[in-house]
Amino acid sequence: MTVDWSWIGDHTDDLTSLTLSHLQAAMTAVFLGLVISLPLAVLAHRVRPLRGFLLGLSNVLFTIPSIAIFVLLLPVSGLTRTTTVIGLTVYTLVVLLRNTVEGLDSVPAKTKEAAKAMGTRPLRTLLTVEFPLALPVIFAGVRIATVMSISLVSVATYIGDGGLGQLFTDGFQRDFPTPVIVGVVLTILLAVVADALLVALQYVLTPWRRRRA
Amino acid sequence: MIQFDAVHKRFPNGTTAVHDLSLEMPEGGVTVLVGSSGCGKTTTLRMINRMIEPTSGTIRVNGEDVTRQDAAELRRSIGYVIQQAGLFPHRTVLDNIATVPLLLGWNRKKARARAAELLETVGLAADAGKRYPHQLSGGQQQRVGVARALAADPPVLLMDEPFGAVDPVVRTQLQDELLRLQKELNKTIVFVTHDVDEAVRLGDRIAIFRTGGHLVQCAPPAELLARPADDFVADFLGAERGLKLLSLRTLAGVPQGPAPEGGAWSLVLDAGRRPLHWASKSTDAELPVRALKDTDSLLSALDESIASPTGLVARVDAEGVLTGVSSRDDIHVHAGQAHTEARAVAA
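Chain order of the listed sequences is A and B.
Take the first sequence: its letter number 15 is residue 15 in this note's numbering, and every next letter is one higher.
Take the second sequence: its letter number 93 is residue 93 in this note's numbering, and every next letter is one higher.
Be careful, since some hints might not be right.
List time: in silico BS3-like cross-link candidates among lysine-lysine, alpha-carbon distance up to 27 Å [said to hold, decoys possible]:
| no. | chain 1 | residue 1 | chain 2 | residue 2 |
| --- | --- | --- | --- | --- |
| 1 | A | Lys-112 | B | Lys-244 |
| 2 | A | Lys-116 | B | Lys-244 |
| 3 | B | Lys-130 | B | Lys-110 |
| 4 | B | Lys-130 | B | Lys-109 |
| 5 | B | Lys-183 | B | Lys-244 |
| 6 | B | Lys-187 | A | Lys-110 |
| 7 | B | Lys-281 | A | Lys-116 |
| 8 | B | Lys-110 | B | Lys-187 |
| 9 | B | Lys-183 | A | Lys-112 |
| 10 | B | Lys-293 | B | Lys-244 |
| 11 | A | Lys-116 | B | Lys-293 |
| 12 | B | Lys-187 | B | Lys-281 |
| 13 | A | Lys-112 | B | Lys-130 |
| 14 | B | Lys-187 | B | Lys-244 |
| 15 | B | Lys-183 | B | Lys-293 |
| 16 | B | Lys-130 | B | Lys-244 |
| 17 | A | Lys-110 | B | Lys-293 |
| 18 | B | Lys-293 | A | Lys-112 |
| 19 | B | Lys-110 | A | Lys-116 |
Derived, one-sided and incomplete: chain B residues facing chain A with beta-carbon distance under 10 Å [claimed, not checked]:
| no. | residue |
| --- | --- |
| 20 | Gly-86 |
| 21 | Pro-89 |
| 22 | Pro-168 |
| 23 | Leu-276 |
| 24 | Ala-279 |
| 25 | Val-316 |
| 26 | Ala-318 |
| 27 | Ser-327 |
| 28 | Arg-328 |
Just so you know, these hints were derived from the structure itself, not from any lab.
Just so you know, even glycine gets a beta-carbon here, dropped at the ideal spot from N, CA and C.
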């Protein structure tokens, strides 16, 4: 397998737009996953009976094969970016929901009690004490969900989307390895860079965890 | 002033934590609630700021029924210090202290300025303000806890075993600091502890609870030590309660005379007439001397009179300069008088 470097040079514009499209699909899914998970996690954390149900549901959704999800969604949203994003979002839920619940569980009872005893109302306690302290665990989930989504986008090639995944089908069909190799390398690069950025963001958002004594 | 009127607390599991409690905690005084675990002392404290709601009865803070007030607003008006400080790990020391002012709607600048001022009040360096709680020692964290409770200058301070988690040396320091602060601030303080010595040191009044949430006796420490209401209180105060009573009295009234010239031992002074040690005349032995001020307790005087080779206690002024010596007999007589007086007051 040799890489045809001239092909890469001729297709930089295509590669750039595929990379951006790939990234956009993955980031939208993680963002929507968070928007859905945060309130559900608060519910699962506060209302014990709901906890098992919600976490179980997210597990069941996770077991549906990815191609099946896209096929099942076709009658609803067709061969569109929407289908890709919905499918990916469903998969992010399992890690985001579980980690957010666990993050909220990890906040020391003593700290919540102190907030209450100082006269902090429940919503403010959630926003200014519980979420910040749950951040490290939530972030661990966001990192997994992000890397997972970036690798899963390619599956959506079957419904005509798929970002960098399109390079794989293109390469296979023409029996031409260069696009496949480039697609793999760019996907890995995207995942590594995204993860590094998330680590940096977490560092900025949790100043109290630096220089642990 | 805090008034409990026929307050009862039963938990849903059927245990009675507080049984028919009627008690007044005077304004500007320290009321210490003591008893073994499960006696209802912490429940009693926590009902004042409605962290726990009473089953029946009324609790008034400065005349107002606490259950008629918004719980969050009530809590902002009452300082609260928790075991092991309970600081917010994600906020700097300064922001921890500023918690209640910010909840009350002060602007951030004013709240931080107030927090910086309190840092000094509780004896912490200004640069501690930018740190996070985990970067401080246990004792320092506890000071921050006290500063946080004082931030909005509440008239009432609730302290739930605040010094329980620090070592004895730091504990004594924190107790001293609290007494010093209380002299300036005159807060109405309710203090929960299971440590009798801490109760005797800090309390203007001590309320002793027995398992099942019964208040057994509430009295000033001297009265409690001199006249325990029953065997339970006597046992709880311990076999040395006679000595504990002496810890409440100072050396001030005990007569003193000049240091002896003859005898087997002489008191060696430095150039500024401050006691250095006892020196033997026959051998070259030296024994340490612990010179006492008028403000030191009769208990430490008794202790020193036993340890001293001559039975004499060196007395010094505030600068540490020798003023005279007191004999073991004089100290004994005064110790006896302290007991007689305490019994007379109690009767």
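Verification of the hints:
1. Between the alpha carbons of Lys-112/A and Lys-244/B the distance comes to roughly 39 Å, so the proposed pair goes past 27 Å and is violated.
2. Straight-line distance between C-alpha atoms of Lys-116/A and Lys-244/B comes to about 38 Å, which puts the hinted pair past the 27 Å bound.
3. Between Lys-130/B and Lys-110/B the CA atoms are separated by roughly 16 Å; this keeps the pair inside 27 Å, and the hint holds.
4. Between the alpha carbons of Lys-130/B and Lys-109/B the distance comes to roughly 14 Å, so the proposed pair stays at or under 27 Å and holds.
5. A hinted pair counts as satisfied when its Cα atoms are at most 27 Å apart, and Lys-183/B with Lys-244/B qualifies at roughly 22 Å.
6. Of the supplied pair hints, the one linking Lys-187/B and Lys-110/A holds, its CA atoms being roughly 25 Å apart against a limit of 27 Å.
7. Between Lys-281/B and Lys-116/A, the direct Cα distance comes to roughly 67 Å. Violation of the 27 Å bound is thereby established for this hinted pair.
8. Under the criterion of a C-alpha separation no larger than 27 Å, the hint pairing Lys-110/B with Lys-187/B is consistent with the structure, at around 23 Å.
9. With a C-alpha separation of about 32 Å, the suggested pair Lys-183/B and Lys-112/A falls outside the 27 Å cut-off, and the hint is violated.
10. Annotation: proposed proximity of Lys-293/B to Lys-244/B holds, straight-line Cα distance about 19 Å (limit 27 Å).
11. A C-alpha spacing of about 45 Å is found between Lys-116/A and Lys-293/B, which places the hinted pair above 27 Å, so the restraint is violated.
12. Taking the CA atoms of Lys-187/B and Lys-281/B, the gap is about 54 Å. The hint is violated against a cut of 27 Å.
13. With a C-alpha separation of about 22 Å, the suggested pair Lys-112/A and Lys-130/B falls inside the 27 Å cut-off, and the hint holds.
14. Pair hint Lys-187/B plus Lys-244/B holds up; C-alpha atoms about 25 Å apart against a cutoff of 27 Å.
15. The suggested pairing of Lys-183/B with Lys-293/B holds, with an alpha-carbon distance near 20 Å, which does not exceed 27 Å.
16. The suggested pairing of Lys-130/B with Lys-244/B is violated, with an alpha-carbon distance near 42 Å, which exceeds 27 Å.
17. For the hint linking Lys-110/A to Lys-293/B, the alpha-carbon distance of about 42 Å lies beyond 27 Å, and the restraint is violated.
18. A hinted pair counts as satisfied when its Cα atoms are at most 27 Å apart, and Lys-293/B with Lys-112/A does not qualify at roughly 46 Å.
19. Restraint check: the Cα-Cα separation between Lys-110/B and Lys-116/A comes to about 23 Å, which is no more than 27 Å; the hinted pair holds.
20. Interface restraint check for Gly-86/B: the shortest CB-CB distance to chain A comes to about 4 Å, inside 10 Å, so the restraint holds.
21. Evaluation of the Pro-89/B hint against chain A yields a held restraint, the C-beta minimum of about 6 Å falling below 10 Å.
22. Here the hint on Pro-168/B is broken, as its CB sits about 23 Å from the closest CB of chain A, past 10 Å.
23. Using the Cβ-Cβ criterion of 10 Å, the hint placing Leu-276/B at the interface with chain A is not satisfied: the shortest such distance is roughly 42 Å.
24. Given the 10 Å rule on beta carbons, the hint for Ala-279/B is violated: about 48 Å separates it from the nearest Cβ of chain A.
25. A distance limit of 10 Å between C-beta atoms decides the matter here; for Val-316/B the minimum to chain A is near 42 Å, and the interface restraint is violated.
26. At its closest, the beta carbon of Ala-318/B sits 39 Å from a beta carbon of chain A; the interface hint therefore is violated under the 10 Å criterion.
27. At a threshold of 10 Å, the smallest CB-CB gap from Ser-327/B to chain A is about 52 Å, leaving the interface hint violated.
28. Residue-level restraint check for Arg-328/B is violated (minimum Cβ-Cβ distance to chain A is 50 Å; threshold 10 Å).
The structure fails hints 1, 2, 7, 9, 11, 12, 16, 17, 18, 22, 23, 24, 25, 26, 27, 28 (numbered hints given earlier, in ascending order).
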